[in-house]
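Asker: So you can see what is in the structure, the chains are spelled out below.
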Amino acid sequence: MANKDLVARLTDINKRIGYIPRGEVEKLAKELCLPAAKVFGAATFYSLFSTRPRGAHVVRFCQDAPCHVAGGRAVLDAIRTTLGLEPGQTSPDGRWTFEMTSCIGVCGVGPVIMVDDDVFGNVNPERVREILKNKN
Amino acid sequence: MPRDFYRSHILICADPECLAKGASDIETVLESELEANGLADEVNVLETSRLGHCSVGPEMVIYPEGVTYVNLTPAAVKEIVAEHLLKGRVVKKYQFTGQARKDEELRAPTAKEVRVIMSRCGVIDPENIEDYIAEDGYAALAKALLEMKPREVIDEVLRSGLRGRGGAGFPTGKKWEFAAGQNSEQKYMICNADEGDPGAFMNRRVLEGDPHSVLEGMIIAGYSFGAHQGYIYCRAEYPIAVRTLRIAMRQARLMGFLGKDILGSGFDFDVELRMGAGAFVCGEETALMASIEGKRGEPRPRPPFPAVAGLWGKPTIINNVETLANVPNIIRNGAAWFAQYGTEKSRGTKTFTLAGDVNRTGLIEVPLGITLGEVVFDVAGGIKGGKRFKAIQTGGPMGGCIPEQLLETPLDYESLGAVGSIMGSGGLVVMDEGTCMVDIARFFMDFTQDESCGKCVPCRIGTRRILEILERICAGEGEDGDIERLEALSKYIVQGSLCGLGQGAPNPVLTTLKHFRHEYEAHIYEKRCPAKVCKGLISYRILDTCPGCMVCARNCPSNAITGEKQKVHVINPDLCERCGICMSVCKFDAIVVE
Numbered sequence: 001m002a003n004k005d006l007v008a009r010l011t012d013i014n015k016r017i018g019y020i021p022r023g024e025v026e027k028l029a030k031e032l033c034l035p036a037a038k039v040f041g042a043a044t045f046y047s048l049f050s051t052r053p054r055g056a057h058v059v060r061f062c063q064d065a066p067c068h069v070a071g072g073r074a075v076l077d078a079i080r081t082t083l084g085l086e087p088g089q090t091s092p093d094g095r096w097t098f099e100m101t102s103c104i105g106v107c108g109v110g111p112v113i114m115v116d117d118d119v120f121g122n123v124n125p126e127r128v129r130e131i132l133k134n135k136n
Numbered sequence: 137m138p139r140d141f142y143r144s145h146i147l148i149c150a151d152p153e154c155l156a157k158g159a160s161d162i163e164t165v166l167e168s169e170l171e172a173n174g175l176a177d178e179v180n181v182l183e184t185s186r187l188g189h190c191s192v193g194p195e196m197v198i199y200p201e202g203v204t205y206v207n208l209t210p211a212a213v214k215e216i217v218a219e220h221l222l223k224g225r226v227v228k229k230y231q232f233t234g235q236a237r238k239d240e241e242l243r244a245p246t247a248k249e250v251r252v253i254m255s256r257c258g259v260i261d262p263e264n265i266e267d268y269i270a271e272d273g274y275a276a277l278a279k280a281l282l283e284m285k286p287r288e289v290i291d292e293v294l295r296s297g298l299r300g301r302g303g304a305g306f307p308t309g310k311k312w313e314f315a316a317g318q319n320s321e322q323k324y325m326i327c328n329a330d331e332g333d334p335g336a337f338m339n340r341r342v343l344e345g346d347p348h349s350v351l352e353g354m355i356i357a358g359y360s361f362g363a364h365q366g367y368i369y370c371r372a373e374y375p376i377a378v379r380t381l382r383i384a385m386r387q388a389r390l391m392g393f394l395g396k397d398i399l400g401s402g403f404d405f406d407v408e409l410r411m412g413a414g415a416f417v418c419g420e421e422t423a424l425m426a427s428i429e430g431k432r433g434e435p436r437p438r439p440p441f442p443a444v445a446g447l448w449g450k451p452t453i454i455n456n457v458e459t460l461a462n463v464p465n466i467i468r469n470g471a472a473w474f475a476q477y478g479t480e481k482s483r484g485t486k487t488f489t490l491a492g493d494v495n496r497t498g499l500i501e502v503p504l505g506i507t508l509g510e511v512v513f514d515v516a517g518g519i520k521g522g523k524r525f526k527a528i529q530t531g532g533p534m535g536g537c538i539p540e541q542l543l544e545t546p547l548d549y550e551s552l553g554a555v556g557s558i559m560g561s562g563g564l565v566v567m568d569e570g571t572c573m574v575d576i577a578r579f580f581m582d583f584t585q586d587e588s589c590g591k592c593v594p595c596r597i598g599t600r601r602i603l604e605i606l607e608r609i610c611a612g613e614g615e616d617g618d619i620e621r622l623e624a625l626s627k628y629i630v631q632g633s634l635c636g637l638g639q640g641a642p643n644p645v646l647t648t649l650k651h652f653r654h655e656y657e658a659h660i661y662e663k664r665c666p667a668k669v670c671k672g673l674i675s676y677r678i679l680d681t682c683p684g685c686m687v688c689a690r691n692c693p694s695n696a697i698t699g700e701k702q703k704v705h706v707i708n709p710d711l712c713e714r715c716g717i718c719m720s721v722c723k724f725d726a727i728v729v730e
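Quick note, the sequences are listed as chains A and B, same order. Position one of the first sequence corresponds to residue 1 (this note's numbering), numbered consecutively onward. Position one of the second sequence corresponds to residue 137 (this note's numbering), numbered consecutively onward.
No wet-lab data here; the hints were simulated from the structure. Some hints here could point you the wrong way.
As the list claims (entries may be wrong) - Calculated pairs, DSS-like style, for lysine-lysine (alpha carbon to alpha carbon, straight line, at most 27 Å): (1) Lys-671/B with Lys-520/B; (2) Lys-703/B with Lys-723/B; (3) Lys-396/B with Lys-523/B; (4) Lys-133/A with Lys-157/B; (5) Lys-157/B with Lys-214/B; (6) Lys-4/A with Lys-723/B; (7) Lys-701/B with Lys-523/B; (8) Lys-38/A with Lys-671/B; (9) Lys-450/B with Lys-135/A; (10) Lys-4/A with Lys-591/B; (11) Lys-30/A with Lys-396/B; (12) Lys-431/B with Lys-27/A; (13) Lys-591/B with Lys-38/A; (14) Lys-15/A with Lys-431/B; (15) Lys-4/A with Lys-38/A; (16) Lys-4/A with Lys-431/B; (17) Lys-450/B with Lys-38/A; (18) Lys-450/B with Lys-4/A.
This structure is a prediction, so every number in the text was calculated from the model and none was measured.
Please work from the sequences and hints to get the whole structure.
Answerer: Structure representation (structure tokens):
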């Protein structure tokens, strides 16, 4: 049982609300005539979807090898200490969510971080602090 | 289609930044000035975006001279038209003289490179189908549809020796032949643009720079085995590629290359774009199809192969972006032309992305069969900072690490397989002597255990167990028997997984164990990290040559360094977090890691 529009519809909800709340899962299931479990299953499978509320800004750090060997570890530490968050956490004030991402395909300029939809390449700890400060 | 000739082309930047600075007014003034000076028929004005100096916009470039003008005002435009276009004199005061924007991903080719797939990237306007047509675009489609039978198309591709560029290297013509032999009303042609290998971005560049080559390849493929509906499955992490594809599809439809009765041949074909949502495993063909159908992107057992029962149970062919981009060239120039590049079994050129510790990172295109050494030292310009080469990782996270003594290995499907690695999609990560191979193996396992979809138990749990063992070894808690455990687990995962992800997941561990076993042994038995990377196995020490400048003590985030001014400082190992900041800030090389 499937519906070819399911992933696209979930993408829309995730973009509109920032995450996929339970109520939306149930609504979409009804509309597409699918069991809610199927919809929820797809919502939890894809890493760009979240079923929990996220912060106003989502910071993503590329955790893959090309960025790692280009100095990614120091960048990761800088995000951790600047935001005071571990990967997967959202700050209590709802400002920030910190996530790890797999390769975003701009490895020529690694290490790379993403803040919301903006990609920043060739970052180092100082640049990270600057980028995050400017978002504040 | 003949194009009008102009003596000058002006590209005016109309992206959001420049529009916000008044670019549309500038364009209006420019056009009326050209009209007033009788130049409207001689000078062509094109809107473009991302010329690269938006901070000093509005901006425009005048060709053939290639002069960039910035900080444009209506008065400036009047002056430039009168001086530059009428009298041929560059107006220096508006000319941009700073550092030109460099394409850091795709540089000028070196001597050993051959640009075929990449020949149009960065040269044509990807958002204008006429640019593609002017470069022989869609000529192959016309030839295939109007002069060749479907079977002849398949034969030509078979003769060329083209093999899948997504990683597995299956002969493309053979795949199409299977699907052609299926008796079904409905067949599907899918372009796999779910490029997810860490470090690989060649498909993104083709989609962003030359999207029509992929569309043309898809239509020809569909014609060869009888599909009328195509899907492009592109990952959501590539928003610009998605945008260029959408524009390309719209323009191709307007020009009659997509839709009903293409070029009057009676053949119908159209394409739909589908986006992923962040799941690496969806690059696997059966998982990809599940995702298009709106399910969790989990692989399923094969057979039946997609060519027999694929999308919605219908015969389906899935080809990678680069495979499809090769097709128009093969049809237009012939199989023999394609076969001039490469080796007997691995023909043609292939794009690779270079990352890591080399002087020139980025995208390259080389004939298959070039050696790894030639890539590292000739094409990539050798190791950064004069350090020594240690290993090259080919084939992405399911590939293997190849050591210095095997640098003569040719880059082709069979040779890479023989040394325990794979071609994969073409990501190359070069590592210098400062890299710990156990740490690297840990790194790749971290990736695969995270991206394992969870369907096959050996992959889901086995990769996790391998990661835990590697984490222990890196932390200095390795035990006797760990190496054997890693080998056994790897074997079970390879045997017990359905798709390429699980079957390839242990490759980084197996190849590092094979070629760098001594590093594992040093970690486990001597509690020592030879590359001095693993934090649990290193310590920092300040030498007697320390002049006592206090810089390290001030910069230490955990206040582990004590000492008075002009006296040798000391690191407290209990407080030290081994971050290495002290060593990087010391101007006297008085701090060592051991």
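Asker: So, for every hint listed, does it hold in this structure?
Answerer: To see whether the hints hold, each was checked on the structure:
Distance hint between Lys-671/B and Lys-520/B is fulfilled; the C-alpha atoms sit about 24 Å from each other, no more than 27 Å. Restraint check for Lys-703/B and Lys-723/B: the C-alpha separation of about 15 Å stays at or below 27 Å, so the hint holds. A distance of roughly 59 Å separates the Cα atoms of Lys-396/B and Lys-523/B; the hinted pair therefore is violated under the 27 Å criterion. Between Lys-133/A and Lys-157/B the CA atoms are separated by roughly 26 Å; this keeps the pair inside 27 Å, and the hint holds.
Straight-line distance between C-alpha atoms of Lys-157/B and Lys-214/B comes to about 18 Å, which keeps the hinted pair within the 27 Å bound. Of the supplied pair hints, the one linking Lys-4/A and Lys-723/B is violated, its CA atoms being roughly 61 Å apart against a limit of 27 Å. Between Lys-701/B and Lys-523/B, the direct Cα distance comes to roughly 35 Å. Violation of the 27 Å bound is thereby established for this hinted pair. Simply put, Lys-38/A and Lys-671/B have alpha-carbon atoms about 44 Å apart, too far for the 27 Å limit, and the pair is violated.
Using a Cα cut-off of 27 Å, the hinted pair Lys-450/B and Lys-135/A is violated, with the two alpha carbons roughly 49 Å apart. Simply put, Lys-4/A and Lys-591/B have alpha-carbon atoms about 21 Å apart, close enough for the 27 Å limit, and the pair holds. Between Lys-30/A and Lys-396/B the CA atoms are separated by roughly 36 Å; this puts the pair beyond 27 Å, and the hint is violated. Restraint check for Lys-431/B and Lys-27/A: the C-alpha separation of about 17 Å stays at or below 27 Å, so the hint holds.
Using a Cα cut-off of 27 Å, the hinted pair Lys-591/B and Lys-38/A holds, with the two alpha carbons roughly 16 Å apart. Of the pairs offered as hints, the one joining Lys-15/A and Lys-431/B holds, with about 19 Å between alpha carbons and a cut-off of 27 Å not exceeded. Restraint check: the Cα-Cα separation between Lys-4/A and Lys-38/A comes to about 13 Å, which is no more than 27 Å; the hinted pair holds. For the proposed pair Lys-4/A and Lys-431/B, the alpha carbon gap of about 8 Å is at most 27 Å, so the pair holds.
Restraint check for Lys-450/B and Lys-38/A: the C-alpha separation of about 23 Å stays at or below 27 Å, so the hint holds. At most 27 Å may separate the alpha-carbon atoms for a hinted pair to count; Lys-450/B and Lys-4/A meet this at roughly 15 Å.
Checked against the numbered hints above, the structure breaks hints 3, 6, 7, 8, 9 and 11 and satisfies the rest.
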